[in-house]
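**Student:** Sequence:
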Amino acid sequence: MINLFKITSFLEGVSYILLLFVGVPLKYIGENAILVKGLGMPHGLLFMAYLLLALFIRKKANWDVKTTLIVMLASIIPFGTFYVNKKYL
Numbered sequence: 377m378i379n380l381f382k383i384t385s386f387l388e389g390v391s392y393i394l395l396l397f398v399g400v401p402l403k404y405i406g407e408n409a410i411l412v413k414g415l416g417m418p419h420g421l422l423f424m425a426y427l428l429l430a431l432f433i434r435k436k437a438n439w440d441v442k443t444t445l446i447v448m449l450a451s452i453i454p455f456g457t458f459y460v461n462k463k464y465l
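Residues in the sequence shown are numbered consecutively from 377, following our numbering.
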């Protein structure tokens, strides 16, 4: 289960970076929303999977409440999931 979380956290991080730093500028500067539309749904699904998997592996990874909150909050910070992979897994 932890390996699945590692993969999900990496993919969630990549989708978030692409959405924020490629899709959104293309939408507002280039007036082309194709990437936002294409990345929005997969990112949303990965985001929800990340949060659920974090709750499921909490006991296996020996995270206290504070660590669990940090791991979950990292999903809304750009590059946060990469930090979680490096520090907590």
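A couple of the hints might just be wrong.
[To be verified] Heads up, simulated DSS-like pairs for lysine-lysine below, C-alpha to C-alpha not over 30 Å straight-line:
no.: 1; residue 1: Lys463; residue 2: Lys403
no.: 2; residue 1: Lys382; residue 2: Lys463
no.: 3; residue 1: Lys462; residue 2: Lys436
no.: 4; residue 1: Lys413; residue 2: Lys382
To be clear, the hints were calculated from the coordinates, so they are not data collected in a lab.
**Student:** It remains to establish, for every hint, whether it holds in the given structure.
**Tutor:** How the hints compare with the structure:
Using a Cα cut-off of 30 Å, the hinted pair Lys463 and Lys403 is violated, with the two alpha carbons roughly 34 Å apart. Note on Lys382 and Lys463: the hinted pairing holds, with a Cα-Cα distance of about 12 Å set against a maximum of 30 Å. Distance check on the hinted pair: Lys462 and Lys436 sit about 17 Å apart at the alpha-carbon level, within 30 Å; holds. Restraint check for Lys413 and Lys382: satisfied, since their Cα atoms lie roughly 25 Å apart, inside the 30 Å limit.
Going through the hint list in order, the structure does not satisfy hint 1, though it satisfies all others.
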